[in-house]
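Number of protein chains: 2
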Amino acid sequence: MSTKPIITKDEMLQHWLAHRGLTRKAIEKFPEKELFEFSIGGMRTFADLAKELLAIAVPGLKAIATNEAEPFNPGSSIQTKAALLQHWDEATPKITEYFNQIPEERFHEKFKLFGEYELTIINHILYFIDNEIHHRGQGYVYLRALQIEPPFFWDRY
Amino acid sequence: MSTKPIITKDEMLQHWLAHRGLTRKAIEKFPEKELFEFSIGGMRTFADLAKELLAIAVPGLKAIATNEAEPFNPGSSIQTKAALLQHWDEATPKITEYFNQIPEERFHEKFKLFGEYELTIINHILYFIDNEIHHRGQGYVYLRALQIEPPFFWDRY
Chain D
0 MSTKPIITKD
10 EMLQHWLAHR
20 GLTRKAIEKF
30 PEKELFEFSI
40 GGMRTFADLA
50 KELLAIAVPG
60 LKAIATNEAE
70 PFNPGSSIQT
80 KAALLQHWDE
90 ATPKITEYFN
100 QIPEERFHEK
110 FKLFGEYELT
120 IINHILYFID
130 NEIHHRGQGY
140 VYLRALQIEP
150 PFFWDRY
Chain A
0 MSTKPIITKD
10 EMLQHWLAHR
20 GLTRKAIEKF
30 PEKELFEFSI
40 GGMRTFADLA
50 KELLAIAVPG
60 LKAIATNEAE
70 PFNPGSSIQT
80 KAALLQHWDE
90 ATPKITEYFN
100 QIPEERFHEK
110 FKLFGEYELT
120 IINHILYFID
130 NEIHHRGQGY
140 VYLRALQIEP
150 PFFWDRY
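Chains as they are written, first to last, in numbering that gives the first Met the number 0: chain D, 0 to 156; chain A, 0 to 156.
Just so you know, not all the hints are guaranteed correct.
[As the list claims (entries may be wrong)] Okay, derived cross-link-like pairs now, DSS-like style, lysine-lysine, Cα gap no bigger than 27 Å in a straight line: (1) D/Lys93 with D/Lys80; (2) A/Lys3 with D/Lys61; (3) D/Lys50 with D/Lys109; (4) D/Lys93 with A/Lys3; (5) D/Lys109 with A/Lys3; (6) D/Lys111 with A/Lys3; (7) A/Lys3 with A/Lys80; (8) D/Lys28 with D/Lys93; (9) D/Lys24 with D/Lys61; (10) A/Lys32 with D/Lys3; (11) A/Lys50 with A/Lys109; (12) A/Lys80 with A/Lys28; (13) A/Lys111 with A/Lys61; (14) A/Lys50 with A/Lys93; (15) D/Lys93 with D/Lys111; (16) D/Lys3 with A/Lys61; (17) D/Lys3 with A/Lys109; (18) A/Lys80 with D/Lys3; (19) D/Lys80 with D/Lys50; (20) A/Lys24 with A/Lys3; (21) D/Lys3 with A/Lys93.
[Unchecked claim] Derived CB-CB ranges, DEER-like: (22) A/Glu36 with D/Gln100: 26 to 36 Å; (23) D/Ala54 with A/Glu36: 28 to 38 Å; (24) A/Trp153 with D/Ala68: 31 to 41 Å; (25) A/Lys61 with D/His86: 11 to 21 Å; (26) D/Leu12 with A/Glu148: 33 to 43 Å; (27) A/Tyr116 with D/Pro92: 28 to 38 Å; (28) D/Asp9 with A/Trp153: 20 to 30 Å; (29) A/Lys109 with D/Ser75: 37 to 47 Å.
Since the hints were derived computationally from the structure, they do not count as laboratory data.
Even for Gly, the Cβ is constructed at its ideal location relative to N, Cα and C.
Please model the complete structure; the sequences and the hints are all you need to start from.
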């Protein structure tokens, strides 16, 4: 049996950070008003979706890294695009810091996140990334509906 | 240095197959007509997005596993929901077969896919999965716009 990893811990982090860079570009594409007001079919605005991502990334990783159990708190007083982008950028070094604090050995441990969701740590982290891709894809439809060209999906490499 | 992998090759495959199960549920939620006709902002229909996913998954993995270089061919004559679901299901064992043929040692090799895109094999495979999540997220907006409840995003575990 080979033990060569198909992806290292740091590569997984870089993969996520590259996705966060693309999500930042998607946020930037929205006009201020539509970022906070536009949606389709009763869904949340893209600002609200981005705030959910912020409420998961650092708090989720911090909970895992420090073995704390805090409830999920999606509330946020962010009300401008500049503030949203600032929070986005402030989260980046914290994501790196907490992610790096989680040893490889723990990735297959089960962890109950936000006092509710019990998955292995690798599955939590994949969920964080997948959820971001999912909601950003929704933001792309909002942009298209607003006649705005979204960033290229592959613009992460 | 620890060499314990944060995710094994088989776990990555299972992760993808679970996402494919969710995408299948999303396809099933569409009424026949809207699957092939509805879209927003000039985008492709969800059937066309799903056909793109089919044109990537097995052909992409087969190219990597067999070291062939074929051009990307998104054309498909699928014209009914039943046929789309059948192709979806027929792809599943082939994805498993070709994925399993790629040894761990190759995941960090660069590979030029469809004669065009040069990435490491792990990045190609992450791209396949991410692209599916991205387009399925767009399908969720179509469903919401059609007043149809999408499947739960977490309904993969």
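Worksheet item: Are D/Lys3 and A/Lys93 close enough, with their CA atoms no more than 27 Å apart?
Response: 24 Å, holds
Worksheet item: Given the proposed pairing of D/Lys80 with D/Lys50, does the C-alpha separation stay at or below 27 Å?
Response: 11 Å, holds
Item to complete: Determine whether the Cβ-Cβ distance between D/Ala54 and A/Glu36 falls within the hinted range of 28 to 38 Å.
Response: 37 Å, holds
Worksheet entry | 27 Å Cα cutoff - pair A/Lys3, D/Lys61 | At roughly 22 Å apart (the allowed maximum being 27 Å), D/Lys61 and A/Lys3 satisfy the hint.
Practice prompt. Sort out whether A/Lys28 lies within 27 Å of A/Lys80, counting only the CA atoms.
Written response: The hint holds at about 10 Å.
Worksheet item: Straight-line Cα separation of D/Lys50 and D/Lys109 no greater than 27 Å?
Response: Holds, at roughly 26 Å.
Worksheet entry | D/Lys111 paired with A/Lys3 [C-alpha distance capped at 27 Å] | 22 Å, holds
Worksheet item: Taking only the CA atoms, is the gap from A/Lys111 to A/Lys61 under or equal to 27 Å?
Response: 13 Å, holds
Worksheet item: Are D/Lys93 and D/Lys111 close enough, with their CA atoms no more than 27 Å apart?
Response: 21 Å, holds
Item to complete: With respect to the beta-carbon atoms only, verify the hint that D/Asp9 and A/Trp153 lie 20 to 30 Å apart.
Response: 27 Å, holds
Practice prompt. Mind checking the alpha carbons of D/Lys3 and A/Lys109 for me, to see if they're no more than 27 Å apart?
Written response: The given pair, whose Cα atoms are some 16 Å apart, holds under the 27 Å limit.
Fill in: Hint consistency between A/Lys50 and A/Lys93 [alpha-carbon to alpha-carbon, up to 27 Å]
16 Å, holds
The earlier numbered hints that this structure contradicts are 7, 10, 18, 20, 22, 24 and 25.
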